[in-house]
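Number of protein chains: 2
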Amino acid sequence: MTPTFGCIIDKLTAGIARPDGTVDKLEPGCLETKVQGIVTAFSASQYVIEQAIALGANLIITHEGVFFSHQDHREWLMHDPVYKQKADLIAGSGLGIYRFHDYLHRYTPDGIIEGLLRALDWQKYVSSHQPSASILTMPAMKVAEVAEYLKRQLQIPYLRAAGSLSTSCRRVGILVGYRGSGATVIPLFEQESLDLIIAGEGPEWETPEYIRDAAHQGREKALIMLGHAESEAPGMSYLAERLSSQFPQLPVHFVKDQPVFQIV
Amino acid sequence: MTPTFGCIIDKLTAGIARPDGTVDKLEPGCLETKVQGIVTAFSASQYVIEQAIALGANLIITHEGVFFSHQDHREWLMHDPVYKQKADLIAGSGLGIYRFHDYLHRYTPDGIIEGLLRALDWQKYVSSHQPSASILTMPAMKVAEVAEYLKRQLQIPYLRAAGSLSTSCRRVGILVGYRGSGATVIPLFEQESLDLIIAGEGPEWETPEYIRDAAHQGREKALIMLGHAESEAPGMSYLAERLSSQFPQLPVHFVKDQPVFQIV
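Line by line, the protein sequences give chains A and B. In this text, residue positions in the first sequence follow my numbering: the first is 242, and each later residue adds one. In this text, residue positions in the second sequence follow my numbering: the first is 242, and each later residue adds one.
Hints listed in this document are in silico derivations from the structure and should not be mistaken for laboratory results. Source: prediction; values computed, not measured. Treat the hints with caution; some may be incorrect.
What the hints assert, rightly or not - If you only want the chain B side, here are some residues facing chain A, beta carbon under 8 Å, derived:
(1) His320
(2) Arg393
(3) Ile397
(4) Leu400
All C-beta atoms, glycine included, are put in the ideal place defined by N, C-alpha and C.
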């Protein structure tokens, strides 16, 4: 029997208490619609929506918001032509879009981190999973070697690194998305005796400035920022694999966007 | 007569109403201490503090917080060795440190934006100053040309750009620091008919994703992220020039840090 949108969402959220104030929602879309195909993506960008239509999918599962806002505020977009063209495309397409953010981060382990660790083949190094970070104990590598490995495995063209590239790393913390803030990251260095933290994104005047000072004091601590999308897209790719095995009768595709920034 | 710390701070804040909940403060330091020399900086990093001591300055004027936090939260740093070494250096040095953030952003025009515009020699192109952005009308340039000009004038090794580098720009918005958020930036494109926004830093899933969609729709809109420090350091450099002319008897130095990230 062909599953409905509601059936997919029930499967995705099964066993997880509704997160307080969750941003996760099906909009647009009806729970009763039968699924023709699914596209998962970091962000339901204009490109991703066009790809979903071309692939004959009628459900997009997106990690980040469709309209450039975590809380889906739109009042400042009502007269914006980019917004209007995208909203019209969605409305005319009959696509359902499910924002799948908070529930996925509450998987055990976090579904986004798990996808990243699998893409890196680093599950074998996990010492512990904390609610917002995974702690790894790895064979010693220099930061420069870690950076090259990350770029190769994740197929990303560049990374931002703070601290010395020659720092030797065995104890590594990984945090995805916007978890790179000072309050989240800095205490981990001491609590977990970390040499390196790999994060998605965070304020530049917090953790990076701490690492700058640590390095200037001669301490072996370093930070790699993957980029927000680069840290979370592998989790949405892994989600497509999971859905494929849970619903083998359905076509499920992960659609990857180009990096949002280029370095000039 | 040698001015005191209090005299400098009175000059810096003259005519500006105390900003609500301001983070600006002299800590450590006494208003009555006589100034031997001043260092201005984007951030009072370990390197900047050492330079101030080497230069014989006893007052650092820093734009961002000393301990990796806008609100100066420190409870999570108490056992951190990087924090302790830096705090001990400051305590033993006799340095005063004045955080000068909110007042400077309330200058007319914003003192940080004014420094950036001067460094770019772009004051002549200003159409209007808004509270958090300046709007420029410039001779038409491609984004790639603007990027090269920014790198050369500001002596920065790289920029992050979204949208097409061949976009032609005449109407340009400039926002410094962490003003790159979607709610702040996106409405400016329509309200001010902008082709390009140059900002410091902001969440990657907001404005950059908007620009990605705009470019994919074939619209000529682009975004350049300078980096938080890169966008605000010129304002602190210009502040050193102002102080030098206001207090010609005092040695005043701007100390520039290396970029906090390198691209790998």
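The hints, checked one at a time:
{"no.": "1", "hint": "His320", "in the structure": "holds, 6 Å"}
{"no.": "2", "hint": "Arg393", "in the structure": "violated, 12 Å"}
{"no.": "3", "hint": "Ile397", "in the structure": "violated, 11 Å"}
{"no.": "4", "hint": "Leu400", "in the structure": "holds, 5 Å"}
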